[in-house]
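K.L.:
Here's the letter readout for the chains.
2 protein chains.
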Amino acid sequence: MPEYIFDESLISTEIQDALSPNLKLRPLAKDDFDKGIFDCLEQLSITGEISQKKFVEQFEEMKKAGGYYTIAIEDEDQGKIVGLGTLFVEMKFLRNCGKAGHIEDIVVHDSQRGKSLGRRIIDQLKHIGKELGCYKLILNCNEKNIPFYEKCGLTLKDVQMTLYTTT
Amino acid sequence: MPEYIFDESLISTEIQDALSPNLKLRPLAKDDFDKGIFDCLEQLSITGEISQKKFVEQFEEMKKAGGYYTIAIEDEDQGKIVGLGTLFVEMKFLRNCGKAGHIEDIVVHDSQRGKSLGRRIIDQLKHIGKELGCYKLILNCNEKNIPFYEKCGLTLKDVQMTLYTTT
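Chains E and D, in that order, give the protein sequences.
Each number in the numbering used here comes from the position in the first sequence (counting from 1) with 15 added on.
Each number in the numbering used here comes from the position in the second sequence (counting from 1) with 15 added on.
Each statement offered as a hint is correct.
Pairs involving identical chains hold if they fit within one copy or between any two copies, as the list cannot separate such chains.
Derived lysine-lysine pairs resembling PhoX-like cross-links, with alpha carbons at most 25 Å apart:
no.	residue 1	residue 2
1	K145	K69
2	K166	K145
3	K69	K95
4	K68	K114
5	K151	K69
6	K114	K50
7	K159	K130
8	K39	K130
9	K69	K114
10	K50	K130
11	K45	K69
12	K78	K114
13	K130	K95
14	K114	K151
15	K79	K151
16	K79	K145
17	K172	K151
18	K45	K95
19	K50	K69
20	K39	K166
Keep in mind the hints are simulated off the structure, nothing from the lab.
Next up, chain E with everything else stripped away, as it sits in the complex (with noise of 0.2 Å):
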């Protein structure tokens, strides 16, 4: 059995069910390294070099946290991560110390677009947001993209700012 960042039990076997058979969503592995998963990642952003030790740390550091709800999808023929999505959830001290929702990190694969995975991951992380009792889910993406985030059930709100540190 893969180690998983988060119990199994949270992923909807109805959003499963919707992908194709070969296709596996699942909580991130700590064995997923071997799979490919900066391979997606970078086309999202920059990921620098890393290392499997330095992935297998940063998985147990986040585990150890908790809040860290990563989601990947696995083509299962070919044993590569095609899909990634993390749900990273805030206790406040705002609504009766509840909990919001903040959607990272989302990507899939050029080779499997056109596929609606990315819909599936938002759909994922909804639900475990819901079975979580996040108050409010939220999330920040380029103006191009809102389209897209209002198919999934989201609402324009707020702008986001921000300020580069290393840069």
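Knowing the structure of chain E, use the given hints to seat chain D on it.
P.N.:
Frame of chain E, contents of chain D only:
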């Protein structure tokens, strides 16, 4: 000594020194419930009716998870919290397994507005983010607050989308 949510050594004394002497900028403390933390927070958003027990439990859970850098400004003449803000730190696989800092829940009590306390809170959270090695700091805000955050050194980048699960 009060019990703090994070190590006090991360507080910049330079930013503290810019405040009037009765105002102390420090990490959130476990005994801040009695100092009106919710009187302050309810000026920002819905807080609900939180007991001291629930506040302490949430404080302990956040401290155990790590990643919650909540700062408070206390008016020591009155023994009251008059400002709050949080840097919530996310571990990522992107950017060499880097850290992103989320600035959350900035509030200044209306009795203390016009004294640049909001600016001091942001400066302090920026300081903590840099000390921790966050590659970026982000926040979401209403369009009307863009000029304030631009003065704080942030730049408009993306949009925020939201899904409220309970409404």
